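Protein chains: 4
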Amino acid sequence: MVSKIGINGYGTIGKRVADAIKLQDDMELVGVTKNTPNFEAKLAEKKNYDLYSSTKKRYDKFVEKGYKVEGTLDDLIDKVDLIVDCTPAGIGKRNKKKYEENDVKAIFQGGESHELTDFSFNSSINYEKALGRDYIRVVSCNTTALCRTISRLKNNFQIGKIRATMIRRGGDPDQDDRGPLNAIKPKLEVPSHHGPDVQSVDSEIDIETTAVKVPTTIMHMHSLNVEVSKDITKEKIVSTLRKDPRILLIEKDTGIDSTSKLVELARDEGRKRYDIWEIPIWVKSIEVTEGGIYLFQAVHQESDVVPENIDGIRAMLELENSRGKSKQKTNETLGIGELL
Amino acid sequence: MVSKIGINGYGTIGKRVADAIKLQDDMELVGVTKNTPNFEAKLAEKKNYDLYSSTKKRYDKFVEKGYKVEGTLDDLIDKVDLIVDCTPAGIGKRNKKKYEENDVKAIFQGGESHELTDFSFNSSINYEKALGRDYIRVVSCNTTALCRTISRLKNNFQIGKIRATMIRRGGDPDQDDRGPLNAIKPKLEVPSHHGPDVQSVDSEIDIETTAVKVPTTIMHMHSLNVEVSKDITKEKIVSTLRKDPRILLIEKDTGIDSTSKLVELARDEGRKRYDIWEIPIWVKSIEVTEGGIYLFQAVHQESDVVPENIDGIRAMLELENSRGKSKQKTNETLGIGELL
Amino acid sequence: MVSKIGINGYGTIGKRVADAIKLQDDMELVGVTKNTPNFEAKLAEKKNYDLYSSTKKRYDKFVEKGYKVEGTLDDLIDKVDLIVDCTPAGIGKRNKKKYEENDVKAIFQGGESHELTDFSFNSSINYEKALGRDYIRVVSCNTTALCRTISRLKNNFQIGKIRATMIRRGGDPDQDDRGPLNAIKPKLEVPSHHGPDVQSVDSEIDIETTAVKVPTTIMHMHSLNVEVSKDITKEKIVSTLRKDPRILLIEKDTGIDSTSKLVELARDEGRKRYDIWEIPIWVKSIEVTEGGIYLFQAVHQESDVVPENIDGIRAMLELENSRGKSKQKTNETLGIGELL
Amino acid sequence: MVSKIGINGYGTIGKRVADAIKLQDDMELVGVTKNTPNFEAKLAEKKNYDLYSSTKKRYDKFVEKGYKVEGTLDDLIDKVDLIVDCTPAGIGKRNKKKYEENDVKAIFQGGESHELTDFSFNSSINYEKALGRDYIRVVSCNTTALCRTISRLKNNFQIGKIRATMIRRGGDPDQDDRGPLNAIKPKLEVPSHHGPDVQSVDSEIDIETTAVKVPTTIMHMHSLNVEVSKDITKEKIVSTLRKDPRILLIEKDTGIDSTSKLVELARDEGRKRYDIWEIPIWVKSIEVTEGGIYLFQAVHQESDVVPENIDGIRAMLELENSRGKSKQKTNETLGIGELL
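The listed protein sequences derive, respectively, from chains A, B, C and D.
For the first sequence, full-length UniProt numbering gives the first residue as 1, with consecutive numbering after it.
For the second sequence, full-length UniProt numbering gives the first residue as 1, with consecutive numbering after it.
For the third sequence, full-length UniProt numbering gives the first residue as 1, with consecutive numbering after it.
For the fourth sequence, full-length UniProt numbering gives the first residue as 1, with consecutive numbering after it.
Any given hint could be a false lead.
Because identical chains share one entry, a pair is satisfied inside a single copy or across any pair of copies.
[Claimed, not checked] Pairs of lysine-lysine residues, derived as BS3-like cross-links and limited to a Cα-Cα distance of at most 30 Å, are as follows:
hint : residue 1 : residue 2
1    : 154       : 243
2    : 105       : 236
3    : 272       : 22
4    : 284       : 252
5    : 47        : 98
6    : 252       : 96
7    : 252       : 46
8    : 154       : 230
Simulated from the structure, these hints should not be mistaken for lab results.
Quick caveat, the model's predicted, so the values are computed rather than measured.
Let's have the full structure, built from the sequences with the hints guiding it.
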């Protein structure tokens, strides 16, 4: 029997997770909640995703606008085994009480604190520990990217301290009220919270991070440096990274040398919403010096956590006990690893 | 028997026209030419589009990189009934001699001058006149947009002088070396060439245009004003525009109020490369005052000419003598008119 | 005896008006109010501008941070003949009651409604009507620019309907949290409020406007079209516009063809804060066609209203009854008309 | 007797060095060369800087446009003791032959290679070694910034390996044809050339750098990390950095948290062209962890090398043998260290 899943918050992450669930044979999308009757609500309707309002008050608003609404969040909770909470940062905390009262499992996103669930998830690192859990937090897009690359290196080489500078986009493409316009904004809290966030997934990772915000919307960029105490070559690193389909190695002769060309690739390849679930790493940028490994990786902030959410569902509901099998299933259904 | 088509220049426009041809049952894509063995060349290979090099010298370069190349542009010309020339502005002029020598029909794009073919094409206006022609020019993205909206108004109302200000994107998303960064650049030639370009399609249209360039990559925007000498209402205009599937009316309650939200819509709806072949017009912005009709329309510069190219092929090769039937076939195969 | 002036709100406009007052011999800057003890407050201190807090609570905060504060807004009001209210849009309305109770004259900025003072001011149009008034509103940067150019044309030619499309910056340079990033946002209320705002200064001007917001911070741009019913030439227009020092004609051989090059000019010429109080108009863009006059003008949103505020003070306090003499005095003290 | 200086290339750097020379009592500006008769040429004329054309051909062009031109570059070389070559990257190399033939000393900028003069200059590091030299290269804006901060730390603490990620502006404000628009472009050569460039000034500095380009025009940003082998505290670092007037410590309560707010500060303080010759470092961002010292510094790419050029002149012509005295004189004449 397939498991029943609900999405609370049909926005940037929610709509992607919903589509990904539809591609799985061991889970079923029961419905999605929405706050505002805008084009995203119409989209849900067009896709025949059952629509629920976040509150009773909102329910009436949807009805008024002619939408078919199946009920409110409470009704959705009643019908599912697990809720993927994709509400804006901080709202998940409020919702958790409701989930607990109704005895429904829930996944939260990286905007919530580690403490909310006491378990921060990345399927490359701690899938097994998520088996059967009631509540987990899928870490943010930046943390997910760092976890993927670093866990790969850590599992294959003897690595030391990691330093990363994150060049972050100002807002998502549709957030047209966000800046900065013509400015660079450094995160003056140094080191930034991203390092401890990685450690909330794997406390053995020794990492310090800094971050700035820049006037772009499409992707983040990480300049990553990893100290290594043993002999290691660029070839070995490339070969190791290549084994993970959730990492996308960009070869030099592709001509792809910016985040916008990465997006062009995803568009050309027919990726829906040009989503790039993989973490693109430029082969040319991988170098090993006395200072350690250096590399540039990009992060598609809207989508890299989507496969993590699917794996998380599978672990929590024990639909699959093997990390490898879950990841492979997710990869194959989404088409991960098929770019270039 | 289906007609054989070649694409010269597998870039922003070429790759889209190629995909659109593949969706037609009355034409066949024989192959595409490419200059540089980059990710777009790999894409062609992955799609099983036969690859031809633009020159003999380039041929060797592709072979060296391990590509399977079927020949050069000359070889492609030999095999086709019609070439869609999607080379950069000004190159088409040089190519035309080669097409003439080889007695092959050709479509050029808006970067070439009207004089090159003495016939500027927009399928809403002069499909019939293109029937059987050897050479036509599909007008530019901005001119195409103006032609669609204006011809619709002109055919249904008594209109007078048209004034349009075009707010243009600095470069396409993948042209990451183009500006302006943090500046507005007015086209100091006033009125701009866009007005005469519309008139090259329909000399009866009385239009004057101005243009600026701004720091964005995704879409152009037109502020359009049309003098009207007769009684006309917003409702009539909306009702008239709604009849053309190549015009997309954006309703207020969609929450779509910027070019980036339009792109979000296209992404969500699963449009490949988030292409918007239609011209989006905001219903809320349509007003009739003493000064005439006002409205805002957006233009997806990468894709609005794609259906025009398909219709152009059909007319030139007389695959379909009826404008309506050609347009409908193009619309249905591409999925035009199905957003929202 | 010189008149005593206070500035309520030492921000983008307030700090510029303060500096301009210091250059006049018929008025004296008594002090400025500030909300937050940031670098602008330090600037006031460094310039020996007496600092007042907006409220009593804020007063303590300033004192705590070691600032010398002369009192609160109430104290400032007590000491002055006129307040220039440069508080954010909408706050001026609240402040007006306080000014009335204390019987002090006040100038408000364009963020307030016309109704607040029932008198919208532009010194090129209605200086005389402001003589002795207690309350006036200096219209916004965009409206000021339109008033200057249009009044000049209207006074010298027989003009008809005016249409303008305004391409507006997303935020001021220091407003680094404002967008849009990579989007164009049309003002869907068409015609926009700018037309009626011009008419609040001169009801005889027949104008309709549209507006968009784009990702830039430094200047607005207007594409202006003016119907003309009589013989008129480019030369006559240029010659007429050249007579107003508050209009800056940009000649072709300057190489200035964007808003950022205009800013470069102002920087090079040593303009403080690179302020451009004049409205720059590109000579090359001025054309007369059957559709009327066309031209492009840029607007430095941070500073073009500064001379209007100075003239406004002079009119309200009847320091100078002649419009021409007031404007000339303001121009000379600020250095208006000396660029290029 | 004052020394005679010529500027070859009156552009972004040249016009600033010219103005700075005018403020010195031990050197005299003989003239500047210019390629194009644009607004910058007019500026030189307005400032009474003698104008020379770069070539004979250009000379005629200037005369034709009505400029008073004193001669060509050759004539200027004849009249001076030293040329500051501010021509675009790569042109300096060609010019050097001419300087050698005419036995005139010359300073080149960071766009030229170290090998051109075999001496890369930063006045905080190797002023003494420049005494009497015929040719020196003032390193680039980014290298200058790194040299200042790092030399300060190196002279006061026992430091180890340095890692820096540079977030660079796409183009200068007036370069309105440069991108990237809405993209981040990593420099795929890792480590970037900036590290070796620092070492061309001080080979003892152990530094590796990475760099990206982002859509902004006003300043670069550096995320700097310095390994330290000894006890060191934030307080000690702050106290050390504070001693150098060419470093600007940004305190938390200023509210300055982005490059655009830094520019606002410089504008408010009346800095000509809002130049920031100092390297701004955010006090809040300075932290010492197990990974070493972290800090964020911004770089005003248009102006931070100006004082270095003045010091360089003084050293080469032995106008002042003491580094400290030269720097102090430059600082005082320009007003360095007086912001905030």
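Going through the hints against the structure:
1. 154 - 243: within (14 Å within a copy, 42 Å between copies)
2. 105 - 236: Result: close neither inside a copy nor across copies, 41 Å intra and 51 Å inter.
3. 272 - 22: both (14 Å within a copy, 19 Å between copies)
4. 284 - 252: within (6 Å within a copy, 39 Å between copies)
5. 47 - 98: within (28 Å within a copy, 49 Å between copies)
6. 252 - 96: neither (46 Å within a copy, 34 Å between copies)
7. 252 - 46: Result: close only across copies, 18 Å inter versus 41 Å intra.
8. 154 - 230: both (12 Å within a copy, 28 Å between copies)
Violated hints, in rising order: 2, 6; the structure is consistent with all others.
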